[in-house]
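Quick mapping for you: the protein sequence lines, in order, are chains A, B, C and D. Mapped onto the UniProt record's numbering, the consecutive letters of the first sequence carry residue numbers 1 to 340. Mapped onto the UniProt record's numbering, the consecutive letters of the second sequence carry residue numbers 1 to 340. Mapped onto the UniProt record's numbering, the consecutive letters of the third sequence carry residue numbers 1 to 340. Mapped onto the UniProt record's numbering, the consecutive letters of the fourth sequence carry residue numbers 1 to 340.
Hints were generated in silico from the structure; no laboratory data involved. In this text, a Cβ means the ideal position worked out from N, Cα and C, and glycines have one as well. Check the hints yourself; a few may be wrong.
In silico DSBU-like pairs for lysine-lysine, Cα to Cα no more than 35 Å straight-line [what the hints assert, rightly or not]:
| id | chain 1 | residue 1 | chain 2 | residue 2 |
| --- | --- | --- | --- | --- |
| 1 | D | 47 | D | 67 |
| 2 | A | 67 | A | 200 |
| 3 | A | 277 | B | 67 |
| 4 | C | 203 | D | 67 |
| 5 | A | 260 | B | 277 |
| 6 | A | 89 | C | 321 |
| 7 | B | 70 | A | 200 |
| 8 | D | 47 | D | 145 |
| 9 | A | 277 | C | 277 |
| 10 | D | 89 | B | 321 |
| 11 | A | 277 | C | 145 |
| 12 | D | 321 | B | 321 |
| 13 | B | 277 | D | 158 |
| 14 | C | 200 | D | 67 |
| 15 | C | 47 | C | 67 |
| 16 | D | 200 | B | 70 |
| 17 | A | 200 | B | 145 |
| 18 | B | 277 | D | 47 |
| 19 | D | 89 | C | 196 |
| 20 | D | 145 | C | 67 |
Partial selection, computed: residues in chain B whose CB lies under 8 Å from chain C [unchecked claim]:
| id | residue |
| --- | --- |
| 21 | 29 |
| 22 | 35 |
| 23 | 36 |
| 24 | 42 |
| 25 | 64 |
| 26 | 68 |
| 27 | 71 |
| 28 | 82 |
| 29 | 85 |
| 30 | 87 |
| 31 | 88 |
| 32 | 140 |
| 33 | 142 |
| 34 | 144 |
| 35 | 241 |
| 36 | 243 |
Reference listing, derived: stretches of chain B covered by chain D, where coverage requires no fewer than 3 residues with Cβ under 8 Å from a Cβ of chain D [as the list claims (entries may be wrong)]:
| id | segment |
| --- | --- |
| 37 | 125-138 |
| 38 | 214-228 |
| 39 | 276-285 |
| 40 | 290-296 |
One letter stands for each residue in the lines below.
There are 4 protein chains.
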Amino acid sequence: MLIIMDRGATDAQIDAVIHRIRDAGLSEHVSRGVERTIIGAIGDERKLEADMFELLPGVEQAIHIVKQYKIVAREWHRDDTVIDIGGVKLGGSSVQVIGGPCSVETQEQMQLAARYTHEAGCKLMRGGAFKPRTSPYTFQGLGVKGLEYFRNAAQQYKLPIVTELMDVRMLDTFMEWDVDVIQIGTRNMQNFDLLKEVGKVNKPVILKRGMSATISEWLMSAEYIAAGGNHNIIFCERGIRTFETAYRNVLDVTAIPVLKRETHLPVIVDPSHAGGKSWMVPALARAAVAAGADGLLVEMHPNPCEAWCDADQALTPQELKDLNQTLAAIAGALGRTLNG
Amino acid sequence: MLIIMDRGATDAQIDAVIHRIRDAGLSEHVSRGVERTIIGAIGDERKLEADMFELLPGVEQAIHIVKQYKIVAREWHRDDTVIDIGGVKLGGSSVQVIGGPCSVETQEQMQLAARYTHEAGCKLMRGGAFKPRTSPYTFQGLGVKGLEYFRNAAQQYKLPIVTELMDVRMLDTFMEWDVDVIQIGTRNMQNFDLLKEVGKVNKPVILKRGMSATISEWLMSAEYIAAGGNHNIIFCERGIRTFETAYRNVLDVTAIPVLKRETHLPVIVDPSHAGGKSWMVPALARAAVAAGADGLLVEMHPNPCEAWCDADQALTPQELKDLNQTLAAIAGALGRTLNG
Amino acid sequence: MLIIMDRGATDAQIDAVIHRIRDAGLSEHVSRGVERTIIGAIGDERKLEADMFELLPGVEQAIHIVKQYKIVAREWHRDDTVIDIGGVKLGGSSVQVIGGPCSVETQEQMQLAARYTHEAGCKLMRGGAFKPRTSPYTFQGLGVKGLEYFRNAAQQYKLPIVTELMDVRMLDTFMEWDVDVIQIGTRNMQNFDLLKEVGKVNKPVILKRGMSATISEWLMSAEYIAAGGNHNIIFCERGIRTFETAYRNVLDVTAIPVLKRETHLPVIVDPSHAGGKSWMVPALARAAVAAGADGLLVEMHPNPCEAWCDADQALTPQELKDLNQTLAAIAGALGRTLNG
Amino acid sequence: MLIIMDRGATDAQIDAVIHRIRDAGLSEHVSRGVERTIIGAIGDERKLEADMFELLPGVEQAIHIVKQYKIVAREWHRDDTVIDIGGVKLGGSSVQVIGGPCSVETQEQMQLAARYTHEAGCKLMRGGAFKPRTSPYTFQGLGVKGLEYFRNAAQQYKLPIVTELMDVRMLDTFMEWDVDVIQIGTRNMQNFDLLKEVGKVNKPVILKRGMSATISEWLMSAEYIAAGGNHNIIFCERGIRTFETAYRNVLDVTAIPVLKRETHLPVIVDPSHAGGKSWMVPALARAAVAAGADGLLVEMHPNPCEAWCDADQALTPQELKDLNQTLAAIAGALGRTLNG
């Protein structure tokens, strides 16, 4: 950590900073420049916080030099992590398209959805039994019944299942129904108690980015999971909140190369929630794969017009099939294989 | 709800929209204009979602006319709600400054903090036993021990206590320690399971705004609590996330008059977290009261330089006392009383 | 335009709205619902503004139904516009990569840059003679001398040139040096006097998006140019400002399909400015083409380490060549040709 | 400037950085830590840009230590600057409310507006002759005729006038009509050629903040004006663009104490444009004064319902009078005088 002093900082103020650095078990390095004195804190700076210094009189700014995350950082783990989900590989040279409906509605709908997901060439399936909804008056998901319908339907096509966990008290139920991948949603990216709990189980976790979370906060949330022992984490970019009102969110495609550089863990994208309209999905899905994403979460509904929620963003089975074809060509242009 | 059709919408497309409106138990009103046909859905539109129509072919846009929230809306409850917290009134003509440290650290610190809070004229006290922290490697709060220290210290000065609940599994413990006001933090504003649970208890709830939550989402989160039966909700603006990097967050002062118009519930402001630096707190606190806030959450630490977290934003006891004096004058200019 | 009245609006208030609609030469259509009365203004609503009604007592909201832009709207011009730039086609089935340095520095640098741009397969060249810089103390561009160097260098390879116009008083000079495409920069997207002037000349204009401009404002700025008679407008997405600090701006890839739907004019992307680092450029460039962009503005410098500004975002000649190869494959997957 | 090297940076890479620092005429100070080597550039770092180093291999980050602005910085000019506008003092202990209509419409309207502005106790008057409008099809202001009406009306009450300059070619006309304060609007905050020109004249300049400009960019824009010789600059906060859609912009009240700390120049606030609705204006105006603003730009219209633009945000004469009374009390609570 570097502590930059005010232009007129006194020797006593500089001493106070040094004192505090030593208190924390680190040592200091003082550099007196023409306009500013700068003090470096030498040692494990993860113990320090900028606030510890910025409050002291005479301090202008304290800057972290070393990143706060470690287990998830590529700096400490050079090779790409490939996550095994019931035999399907996510990360590395293949790109997985995870298809399925927004919500579990009925056993029949899930049966059809599983068939179409399989026929479109996808190896993994998504679907929501518990739905985070802005309004208490709208459909909140089928709950445990939904897990049952989903498990039954996916079994037939040997599709590992991905579904969202919102309430820490439901984790045991998720384990009973043998959910293959636990999804942590946007609104829970900083639900730290939930992160700690999924950090203790032996299931891959998809960690969606908070609607206005920085890359750094997102990595720290993953570090919460990793610190518990569970290193099978998949980042999922799903659009960020901006000033633009012409679409729901802005898919942050830049996050893909940046995350791939910062972490060894896989990065996938949810083009369906990002844009919010099904006609935007193909363009966003193509962009994500072209930018280097390791996978996609794509909403497909056997009959989008009948869907109970977010219908607006679901593809038809045929559209998903067509999209997969184009994506395969783009993946090929980058030396990767789709749904391999 | 209004459904606006594309310029070239066909009769069949218009019929499909009408069909769907009737399916939902509402009736339609069709208005054919020069450039567009517009269809109104007449009846209780809280059952409808824009997505139900925007997916249909020929539909350009669907617009909610009626607000989605009801219990918290001023439209249905004209008078200001005044919340009674152990005899202290929040809302109405008085403005309450809730003082206290960011975190509970030791019994002595809390004893001192309670004394200074009381001496500064505050009638309510704040302090965190469970701390939401970006990094898993930094101080996470004292936990239950912290509740004990806080309860003990506040008792002496008969100060009702405000503290944050993060984990739904801790709610019983909060009731045991008789926490007077439960605070729901920024990161949990859309932790819907937590909202549902605090909706069932008989304790006032401070609902902090999510870092990038819209006013409408915030009101809907309050509606989650209210729908459970607990109508004692206090909104707390604490700064929003923007592009600006010169300060932590931007205190959204406009939210104050807007909320006061939309809801009958009290609105308070946290100037300490918004700016992130103690020297900004007085200016922001004054602005909040001048804009019509019903109260403030102000961090004060017996010895800010020694604080274990967010020290940077805490006032000294003397600074809090001085601030209260200026705030009393501003409240007076608006015909209100401070800490009354 | 639809005017939505408050729940308790009186007949007199409704009459006042009707009065104002008629004053503006339109007619009204009143629809009295259960909770709200809604009044439609029938006729050319481009003359109306929401403010004209929202101020009147009893009015809750006024909503534009018809878009404010017309000449640039696809609604009124279904086919893609293809712009001819000295024989090179921009728009339609081909995707053009416009290469070249950020700034014109010397005649030699431009000569080399032109050669490398040509060798990489690009048909159009970019370069800045006038540079918009945040600080008055940094390099502001070579000015007119820069136009000369650029013109000379590009001539050799018959590359039409693209360069930024900042000051309306320089337009004549741009015409003298026969600049092929005039670029309007981010900071000038709403410099309306400048837009009006380039609307009068017979040169294609690249209109960069303002750092926080909505799609709708951007289209309106293009409408300013178009209203003057110049319909050869190219939109250029260059990243938007958000809360994220890990990269300069967020490339808004969603804007591509949205604009392609809203306007018949070509849409290109500047991946160099968006990310701000050269290592991000290939991923962003690929994403843009995959999402359907009609072209790219890519910074390439004969020797990036020596560049006088924004060096950090320039590719080497070899990197540009390699990038073009991958882009050609992606364009192919979408049935388009690169630099055709 | 500090240059932070990658963890694995080689000696050759470190040498390259040193080389570049020396080339720029500065000297280096190398500090080798456990995880990182950090190099300080010693000398006038305003000549350096982060990009000059961040492109070099082995460099992780380059950080400015010294602020880029100088003339406007409080660091170099401790006392508050008080600007004299025809005998009226802006800055220091008094707070000036600048009243008047959004647009100049007719001679009569301006006559009335001047009278009401004077009667409300304001010492300065505002009004727009040239209007920046999103759409080319809406009212663009009366132009030069508007300056004439404004001048005539204000003269009667000896009110110095404030009006917006958009086009650099109009500056001479502004001088002819003896505009007392030149306003640079939001959309032109980074119209650098315009800033350079107003930097050469002897008239106070109100510099509005760009809709998404950082404090630092805003200070740099002021530095452009100051560098030309004109040091009579007044900052005007007018709301920033965020994700919130319930109001036009978010008034950034935090900017007030931050600017007052960073610069010696006066800071005023425009509560009318920020919120966009007249009913929000009093709350925002009070917040601004309470936060320490040196003045306000408040829209008042003799008859808001008849106003040609932005009527929605104008106060009536009586509302302005009432507002001034409350503001006087708040200013008093801070030891300042209103319209003194």
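Hints, one by one, checked against the model:
no.	hint	verdict
1	D:47 to D:67	holds, 12 Å
2	A:67 to A:200	holds, 24 Å
3	A:277 to B:67	holds, 23 Å
4	C:203 to D:67	violated, 41 Å
5	A:260 to B:277	holds, 34 Å
6	A:89 to C:321	holds, 33 Å
7	B:70 to A:200	violated, 40 Å
8	D:47 to D:145	violated, 45 Å
9	A:277 to C:277	holds, 31 Å
10	D:89 to B:321	holds, 33 Å
11	A:277 to C:145	violated, 49 Å
12	D:321 to B:321	holds, 33 Å
13	B:277 to D:158	violated, 43 Å
14	C:200 to D:67	violated, 42 Å
15	C:47 to C:67	holds, 12 Å
16	D:200 to B:70	violated, 58 Å
17	A:200 to B:145	holds, 24 Å
18	B:277 to D:47	holds, 31 Å
19	D:89 to C:196	violated, 38 Å
20	D:145 to C:67	holds, 31 Å
21	29	holds, 5 Å
22	35	holds, 5 Å
23	36	holds, 5 Å
24	42	holds, 5 Å
25	64	violated, 10 Å
26	68	violated, 13 Å
27	71	violated, 16 Å
28	82	violated, 24 Å
29	85	violated, 32 Å
30	87	violated, 36 Å
31	88	violated, 34 Å
32	140	violated, 25 Å
33	142	violated, 31 Å
34	144	violated, 35 Å
35	241	holds, 5 Å
36	243	holds, 5 Å
37	125-138	violated (count 0)
38	214-228	holds (count 3)
39	276-285	holds (count 4)
40	290-296	holds (count 3)
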